[in-house]
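Chemist: Residues per chain, in single letters:
Protein chains: 2
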Amino acid sequence: MSKKKSQEGDFDFSSSTRRGAPNISRRKFLAATTAGAALAASPAAIGAEKKAHYQWDSETDVLVVGTGAAGSCAALFAHRTGVAVSIVEKAAFYGGTTIKSQGAYWIPNNSLMRERGLIDAKRDALLYMARLSFPTLYNPDQAELGLPRADYQLLETFYDHGARVLDELAEMEALQSTFFKSGDGSDFPDYYSHLEENKAPIGRILLAVSREGVPGMGGELMGQLQKAVNDRNIPVLFNQRASKLLQYEDGSVAGLEITATDGNVKNIRTRKGVVFGSGGFIHNEDMRRNYLRGPVYGGCTMPAAEGDFVSIGSAAGAKLGNMNNAWWAQILFEQAVENSAVPMNVFVPPGDSMVLVNRYGKRYVNEKFVYNERSQSHFHWDPLRAEYPNLLSFMIYDQQVAKHNAGIWPIPELEATSSTSYVISGDTLEALHKAIAARLETLAAHSGGFSLDPQFADTLGGTIERFNGFAKAGDDLDFHRGEVASELFFHGFYTAPGHRNEHPNPTMQPLAKQGPYYAIILAAGVLDTKGGPRINTHAQVLDNFDQPIPGLYGAGNCIASPAGQAYWSAGGTIAPAMVFGALAGEHVSKL
Amino acid sequence: MSKKKSQEGDFDFSSSTRRGAPNISRRKFLAATTAGAALAASPAAIGAEKKAHYQWDSETDVLVVGTGAAGSCAALFAHRTGVAVSIVEKAAFYGGTTIKSQGAYWIPNNSLMRERGLIDAKRDALLYMARLSFPTLYNPDQAELGLPRADYQLLETFYDHGARVLDELAEMEALQSTFFKSGDGSDFPDYYSHLEENKAPIGRILLAVSREGVPGMGGELMGQLQKAVNDRNIPVLFNQRASKLLQYEDGSVAGLEITATDGNVKNIRTRKGVVFGSGGFIHNEDMRRNYLRGPVYGGCTMPAAEGDFVSIGSAAGAKLGNMNNAWWAQILFEQAVENSAVPMNVFVPPGDSMVLVNRYGKRYVNEKFVYNERSQSHFHWDPLRAEYPNLLSFMIYDQQVAKHNAGIWPIPELEATSSTSYVISGDTLEALHKAIAARLETLAAHSGGFSLDPQFADTLGGTIERFNGFAKAGDDLDFHRGEVASELFFHGFYTAPGHRNEHPNPTMQPLAKQGPYYAIILAAGVLDTKGGPRINTHAQVLDNFDQPIPGLYGAGNCIASPAGQAYWSAGGTIAPAMVFGALAGEHVSKL
Chain D
557 MSKKKSQEGD
567 FDFSSSTRRG
577 APNISRRKFL
587 AATTAGAALA
597 ASPAAIGAEK
607 KAHYQWDSET
617 DVLVVGTGAA
627 GSCAALFAHR
637 TGVAVSIVEK
647 AAFYGGTTIK
657 SQGAYWIPNN
667 SLMRERGLID
677 AKRDALLYMA
687 RLSFPTLYNP
697 DQAELGLPRA
707 DYQLLETFYD
717 HGARVLDELA
727 EMEALQSTFF
737 KSGDGSDFPD
747 YYSHLEENKA
757 PIGRILLAVS
767 REGVPGMGGE
777 LMGQLQKAVN
787 DRNIPVLFNQ
797 RASKLLQYED
807 GSVAGLEITA
817 TDGNVKNIRT
827 RKGVVFGSGG
837 FIHNEDMRRN
847 YLRGPVYGGC
857 TMPAAEGDFV
867 SIGSAAGAKL
877 GNMNNAWWAQ
887 ILFEQAVENS
897 AVPMNVFVPP
907 GDSMVLVNRY
917 GKRYVNEKFV
927 YNERSQSHFH
937 WDPLRAEYPN
947 LLSFMIYDQQ
957 VAKHNAGIWP
967 IPELEATSST
977 SYVISGDTLE
987 ALHKAIAARL
997 ETLAAHSGGF
1007 SLDPQFADTL
1017 GGTIERFNGF
1027 AKAGDDLDFH
1037 RGEVASELFF
1047 HGFYTAPGHR
1057 NEHPNPTMQP
1067 LAKQGPYYAI
1077 ILAAGVLDTK
1087 GGPRINTHAQ
1097 VLDNFDQPIP
1107 GLYGAGNCIA
1117 SPAGQAYWSA
1127 GGTIAPAMVF
1137 GALAGEHVSK
1147 L
Chain A
557 MSKKKSQEGD
567 FDFSSSTRRG
577 APNISRRKFL
587 AATTAGAALA
597 ASPAAIGAEK
607 KAHYQWDSET
617 DVLVVGTGAA
627 GSCAALFAHR
637 TGVAVSIVEK
647 AAFYGGTTIK
657 SQGAYWIPNN
667 SLMRERGLID
677 AKRDALLYMA
687 RLSFPTLYNP
697 DQAELGLPRA
707 DYQLLETFYD
717 HGARVLDELA
727 EMEALQSTFF
737 KSGDGSDFPD
747 YYSHLEENKA
757 PIGRILLAVS
767 REGVPGMGGE
777 LMGQLQKAVN
787 DRNIPVLFNQ
797 RASKLLQYED
807 GSVAGLEITA
817 TDGNVKNIRT
827 RKGVVFGSGG
837 FIHNEDMRRN
847 YLRGPVYGGC
857 TMPAAEGDFV
867 SIGSAAGAKL
877 GNMNNAWWAQ
887 ILFEQAVENS
897 AVPMNVFVPP
907 GDSMVLVNRY
917 GKRYVNEKFV
927 YNERSQSHFH
937 WDPLRAEYPN
947 LLSFMIYDQQ
957 VAKHNAGIWP
967 IPELEATSST
977 SYVISGDTLE
987 ALHKAIAARL
997 ETLAAHSGGF
1007 SLDPQFADTL
1017 GGTIERFNGF
1027 AKAGDDLDFH
1037 RGEVASELFF
1047 HGFYTAPGHR
1057 NEHPNPTMQP
1067 LAKQGPYYAI
1077 ILAAGVLDTK
1087 GGPRINTHAQ
1097 VLDNFDQPIP
1107 GLYGAGNCIA
1117 SPAGQAYWSA
1127 GGTIAPAMVF
1137 GALAGEHVSK
1147 L
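Quick mapping for you: the protein sequence lines, in order, are chains D and A.
Letter by letter, the first sequence follows residues 557 to 1147 in the working numbering.
Letter by letter, the second sequence follows residues 557 to 1147 in the working numbering.
Bear in mind the hints are in silico, worked out from the structure with no lab data behind them.
Mixed in with the good hints, there may be bad ones.
Pairs involving identical chains hold if they fit within one copy or between any two copies, as the list cannot separate such chains.
[What the hints assert, rightly or not] Result set (SDA-like, lysine to any residue): computed pairs, CA atoms no more than 20 Å apart in a straight line:
no., residue 1, residue 2
1, K1069, A816
2, K918, D938
3, K990, Y715
4, K678, N695
5, K918, H1036
6, K737, K783
Take these sequences, add in the hints, and give me the full structure.
Modeler: Right, dumping it as structure tokens:
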């Protein structure tokens, strides 16, 4: 058993052969016969003692699970207090889902905003967040905005500590930030800059910036954070899954059992605690079907996101929350049925002469609006027909889009159009109808037999005619496409430079009268889920009695997101992961 | 401590003062430091022993929690094997939510059908159930219909045992059944009799019938089951909440801690096991917000349905399922904000010159279609506006409906119209608009400030004009109102006898050109939720490794319903509760 301690964490597996089941104390163990939740609720009352005679393979002060934004910030903020920190990562590489992401982080009232003279008052920021996160509870006339106190306090904590955490990351030389701007220098507006509650529509969205001054995406963000972790010699053990929380008699955390890719199991003792930053549950088919709001097929989340903390946390007595919500996205159905971990989501369907239609050939959503919101339209349930008419939808576009948006996901390079299997084509709408129908037949086992309405081609013809009229006039009377600032920003971001259509609304152009026409099958997916064990303002995991489970912390997509149902704006995912990860690291170090 | 045993169960609280924390074994308790789930998964592997030195206040073989359809059937089927059975009930009276219900039970291929020559083949019944329960997985070409095996087997078990359980209840003189018919003798068709998968559209829906041959509702059903329980001297202890599952070292069930209304706590030892039939979680505001598919305000469920088994089962290591679904219903918003336990749901909005409209004054659903399906339309999310436009909706009707449907819920007796606070009225549509707007203001704190669109009255005028045209022609081109058999049955059921309108579609009549007009505010609610711990085909509760937790059983609304997202037809709620309750009672007795 390792007795060594060091500031840099102290993994030592020199004596690490698995010695079978741990040798447990013979003392009075109430936990065996009471619920874990109840146990953790009142350790003092039951006179439990901090004993657990496991056989340990190594030990550290703070063990962090996961290397995304949440885990990295937890490790860095714990480490700088002087305690020993180690990290375990289920994947073979650093960065979690964050490294695949756009890499934005949304920090209200950040110091870059203040330096620029942008005002983002606390009450205003909270009004915006609460309005979107809890729309059916929101009440601007109440001090806590109509929210349950615990939810309000999490939002408040995010505001109060976000700017500080970012400043301290900069001071620690762990992360340099800049504004998210487009190529022409204009600021990325908040997704809901058009809501009256948004008093600071620009400036909250930040990106990591290199020493050379070049803003980057998730790779830049995680590259900087990983370097900071490495600079501090914080050990990172890869290919290790958190498999069981090891608890003392009073329910507090003793350590963590981890299982390597090769099946080797080890017990790591934690003198202070464990911080989970391990991602959501989208790649657990069973969980996504039993918890989420609607039918979802996968996500661009790292494959490691299999809901480990939902199971581990529940078993430790944690109370689950926000299980119905996710960071919704649209994904390519044909990729998702191959592997729920798809390479990429469709942030915004590229192109102007392009529409999304359902099985009836009808538009059902503003194609250019924010992915998180747009994707929920797949969940619409038709009561009478007992079907999800938008379960799968079809991104229909013409040759102009195939050309002008070539290479912009998911539209292939022009010369690859015919060789890209997920692109279905037809010279006429009737031919396209037949081709889609044939493709759907091959996919029936994955979709509940989802098929096109027999009148699909005819209806689609009418849909295009109506859309073309809107495009000429510039006004989408049905779905208001292109009316919101974030749509225009996104549309520009995902359009080839220099391409301008001649119509009044840059997001709409009439589809050509002549084929070929193309279709790509879309389905609902996620960036990741955002339900799991609940935390308090210190990122401590709560039990079913709303009491912290001593030594257990969480942040990021593995916990019940403080954001509720909302996606405040670009970076609304990563910023709370960073902030509550940092708070977890700070608090666990004080134990 | 009670040592007495008897066939009739053996509650004995003569020595029942609370003696503080139980005196727990000092043996090697693995459970203290491993997840309950893992423990239960492999008790043999860890060499645990069946010991737990609790102080018991009484003991029985089988303890049943709840007195609705599930609990009653569990108790009856356990008792007839010869074991001692006792029941605890949280409420002060017998019958659970079942007693408040319509009392139908939907049993495929029941013997009454067979006697009448109605065919309901196993494969056909399973196709219908699978198609509705798991629409995105359904695949009629596969042996198990595209469902996960565990889900398929639960449906199969329901078919295989449903008719037998019913026959045996009749043999036991516990329940006499008859077909559900309307006053004119026509059969109540299945909700989805119009689907091609439905090969037995009539005959599955049954009701309890009195000795005098009078079919009854939930009161008749529970009256018969309660009498059967009483005839067998099965003790029922009221005002007792299940508060904690007491487990042996190996995770198997030792007994149950119950807490009385007065706070008195007792431990009941169970020599065989505990069967939960304790209802869902709709009256737990926190759970309904964190698990359900959309914003829901309450239900006509008994107030006792506070999700106890979600917490107790989770703490015991159970795997949760179907947490996002419920038996959806429409309820009166103003009642729900007073108390989430509303007296009644709106099975179908009565009347022909009546429409449901959203905050824009637009129809959004077929008003006469099945409550379970119709109610989900409240969940529609408008991405661009970041709002639920149908969160609250308005049942708008004229004086004809106020008169002809007087006394049919929720329409008050004619003379009570003006004194019924939840009925809002106006002499013109503009006046109605103003009155609704004023009412909504008083409710803003409960609805996230839900308000009418400024053009509500104008749009409503157009909506009514369009509806009136449909009514005259008999065809609802927008929502197909009145086209399905179950709609016509329901409409007839909830219409005053003798009232016939002169238009081709009995469910539609033009609204009057002149006021007064009335509005009632509706919201989404439930009969009850249907998520919770998962069971296997013996109604054993499963842990996170899909292994049974020995001695723990569940049926009814407290467990993950085998029905998935579906409401197969009238009685689709109660029938599985009865059947899996019975199976639980049979299986636990064999332990």
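Chemist: State for each hint whether it applies.
Modeler: How the hints compare with the structure:
no. : hint         : result
1   : K1069 / A816 : neither (58 Å within a copy, 74 Å between copies)
2   : K918 / D938  : both (14 Å within a copy, 17 Å between copies)
3   : K990 / Y715  : neither (53 Å within a copy, 39 Å between copies)
4   : K678 / N695  : within (16 Å within a copy, 52 Å between copies)
5   : K918 / H1036 : both (15 Å within a copy, 18 Å between copies)
6   : K737 / K783  : neither (25 Å within a copy, 73 Å between copies)
In summary, the structure is inconsistent with hints 1, 3 and 6 from the numbered list given earlier, while agreeing with the others.
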